[in-house]
Amino acid sequence: MWAEAANPQGLLPPVMRACVMNLIVYVEDQTGVEAVIKAAQDMAGRHPSRLILLHCNPTRPASGVEAWVSAICQMPQPGGRQVCCEQITLVAHGAAADDLHATVLSLFSPDVPVVLWWRAAPDPHRALFRELVNASDYVILDSTHFREPFALWREIRRAFPAMALSDLNWARIRPWRELIAQFFDLPETRPLLHEIEKVSLTFSAHGDERNPTQAFLVAGWLATRLDWTYFSGRENEPGSYDLEMRYGDLPIHVDIRPVEAGSARTGRLLGCVLETAKPTEGAGLSAENAGCEFVVTRRVKEDLIHTRMYLLDRGELACATSLEVRQEHELLMMELDRPGRHPILEDSLEFSSNVLDRLHADPEPRA
Amino acid sequence: MAETETRVNPLREGLQVARTPTPCTIVIFGITGDLANRKLMPALYQLTRDRFLPAGFSVVGVARRPKTDDQIRDEIRDSVGKFSRSGEVQPLVWDSFAQGIYYVQSQFPDRAGYERLKEKLDRIDQERGTQGNRLFYLATPPEFYPVIVENLGAVGLAQSAGWTRLIVEKPFGHDLESAKTLNTKIHDVFHENQVYRIDHYLGKETVQNIYVFRFANGIFEPIWNRRYIDHVQITVAESIGIEGRADYYEGAGALRDIIQNHMLQLVAHVAMEPPATFDPNSVRDEKSKVLRAIRVLEPNEAPQFAVRGQYDQGIVGSELVPSYRQEPDVSPTSNTETFVALKLEIDNWRWAGIPFYLRTGKRLSKRITEIAIQFRMPPLMLFGRGAGNIVDPNVLAINVQPDEGISLRFESKVPGQDNRMRPVTMDFRYGTAFGVPAPEAYERLLLDAMLGDPMLFTRRDEVEAQWGYVMPILEYWGKNQAEFPNYRSGTWGPEAADQLIQRDGRRWRRL
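Chains A and B, in that order, give the protein sequences.
Numbering-wise (our numbering), the first sequence opens with residue 57 and increments by one.
Numbering-wise (our numbering), the second sequence opens with residue 33 and increments by one.
Because the hints were derived from the structure by calculation, they are not lab data.
Incorrect hints may have been included.
To be verified - Subject to a maximum C-alpha distance of 25 Å in a straight line, what follows is the list of computed SDA-like cross-link-like pairs (lysine to any residue): (1) B:Lys150 x A:Glu358; (2) B:Lys375 x B:Asp262; (3) B:Lys114 x A:Glu372; (4) B:Lys375 x B:Gly510; (5) B:Lys152 x A:Glu372; (6) B:Lys445 x A:Asp167.
Unchecked claim - Chain B stretches covered by chain A per the calculated footprint, using a threshold of three residues with CB under 8 Å from any CB of chain A: (7) 51–59; (8) 82–88; (9) 124–137.
All values reported here derive from a predicted model rather than from experimental measurement.
Cβ atoms here follow ideal geometry from the backbone N, Cα and C, with glycine treated the same way.
Isolated chain A, as found in the complex (with noise of 0.2 Å):
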């Protein structure tokens, strides 16, 4: 394949090319393979990659295995070389489909780090994910595929503890993370970090579709870095929670509702509300700046998050901005950008699990 690209007879600019990782993906359908090979095909500039594209689905009957090669190029820009990687694609279903690892094992290119996308629901007991799983340098997972994220989440982490793993659905909530920080750069702002009494999340749902993950996640994400610890809560009804954290004393109150959304893919957050203490007597804030409120909301119709901080001795300062709706093959590169482990995000996905865990556990009544 390459001998032919490398066009011998002078007549054409000669391809370039490039690989900086091994890039492993499991898919179980064609759909899903028809969109990695898109994904691959987009990424192709910034993180050209040998792929190996895994179409297994075990629920199948048994089959042998089929493979072919491929290159994926991407077209240059006028003066250009064309740059390509290549594409491996191995397709066995049902049992034969667990005996996989090893022939993936010898396809990896040398020298360069293996990054393993599992597109599906992870079974951290099945044979191929374990073994895969040891054999790369960084796993991406996406908790939107999974049931029970919070508890697989601990299952999986349970299983290989030095593993770095990452899950898109953390990378999609960034620009929430980012302008809810941003809130509490300023010097006047940042006390009042440790003056919230409440935060509101909302994620769209349709009927009984109801995924607080991303909500669970930014909720986590909040009690880790600011030293919440979790008091008590109850789930009022599928999706809908009301949570009591603590920070020393101070209670603060989560509750994260669904949305009926529309046309919103389910599962998005929708919104978040930061409130601090209204002043009291003797309460000992800071009676300036108490009652503020920090509010980033996203309309569903709008690719725009609005953010709104209102400040007691100021009032209100509006912003929008842009939200991008990531494909999936961007949320992608923006993870292979930063390989590693994310310390932050496993502390976050370790809090909720607990949450739920003592929340299914030991639940409050119902309201």
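Assemble the complex: chain A is given as a structure, and chain B must be docked to it using the hints.
Chain B only, in chain A's frame:
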């Protein structure tokens, strides 16, 4: 709360952007000019759109003609729509951004205008929480810099309850004396650590990558010296002409426009010693040190080491273009050079005896900026000297634009029964060549100025050392008329430039 606790925002940990600037106001003198409309405002809009700037960020434009806030907002919106990296204006983002744009009309020498500016800034502090943080951007013709700085000082705008900084565009002075005078005038009002002198090349990804390339890889630094390097070539070539900017260019020329600032900064990046730490002043100390080690010519040495040229009409692309002297507003007897080639030497232990060849020009064959490090030949040729065995030296080429990236040329065996060789190139190309847009240089530079990071800005001593090098050449050229034009548009410059390097047994790279 303890001061240490308030200094760090715990929510920032792990985010790509370590911090955003505190709310501030940028005051752009020359808001109606080309720079503001094509570069600065589109960059600020893009930064806002990409969530790098806080709510409350404000812009005050200052210019001579009467306008309202709404008029200037409309004009800027048009510019942003044409020139911003995202290519379009998102209405709600724009509305939010435009709320913070204001205008003050003033002639630059008019003290009353600065009083009005001060009132406006105080009001913005109250309404938008900018807390006295101000960045003054001199985007005017350079003759106005002293009077603007003086007036800022006179009305008390050089200091505030927050931070105040001054950004000065190139050209920084017209020669060494005027640069020193300008520095002195600025320092009468601002401290050096408030002053940010822009060289937009330093905001380019590839230029910043020179540091990473040299100092984050163990394999290059040991050979980055006179023992292994034969010479360095730096080319900054443009295929365009002066694009209607005769009023500036006639008084500048290629030596002042490109060599004195951009190219000498590239030389500094390539030639500097590794800094002890990667903080702005350590890096700038090393750049300044190497700039001061460049051998300054005597004026009468200029003909031996420097070549100038001026383009004649010719074919560029497929278009017949006029000569420089035929350009609008250019004198038909103009002595301004549009091309310079130099041989430069650095007198220090690392580079003694190693020539740096620089060339820059307008209306050359193509647009390219490249730094090429050519290594010495092997001490012994083991593979015979037949016709098929002409060995080319290894070349490490850093391509700054348009095809950003780095390539290394080395010899490889031609498959077959004998030991014939051919050169091959190992390439690494950056995002823009790969189809991923890199941030505009001004986005990075403006953000750094707001964050108070002077790493990518030049310091007083660097600027003065750079002027010190070019002064003898300017002096000689000022006294001696050239025979212009002396190269056709669409070529690589005058023959004398080829002779400059061929005298040393070398030749310019074919780009």
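> Checked against the structure, which of the hints given earlier come out wrong?
Replying inline: Hint check: 1 and 3 fail, others pass.
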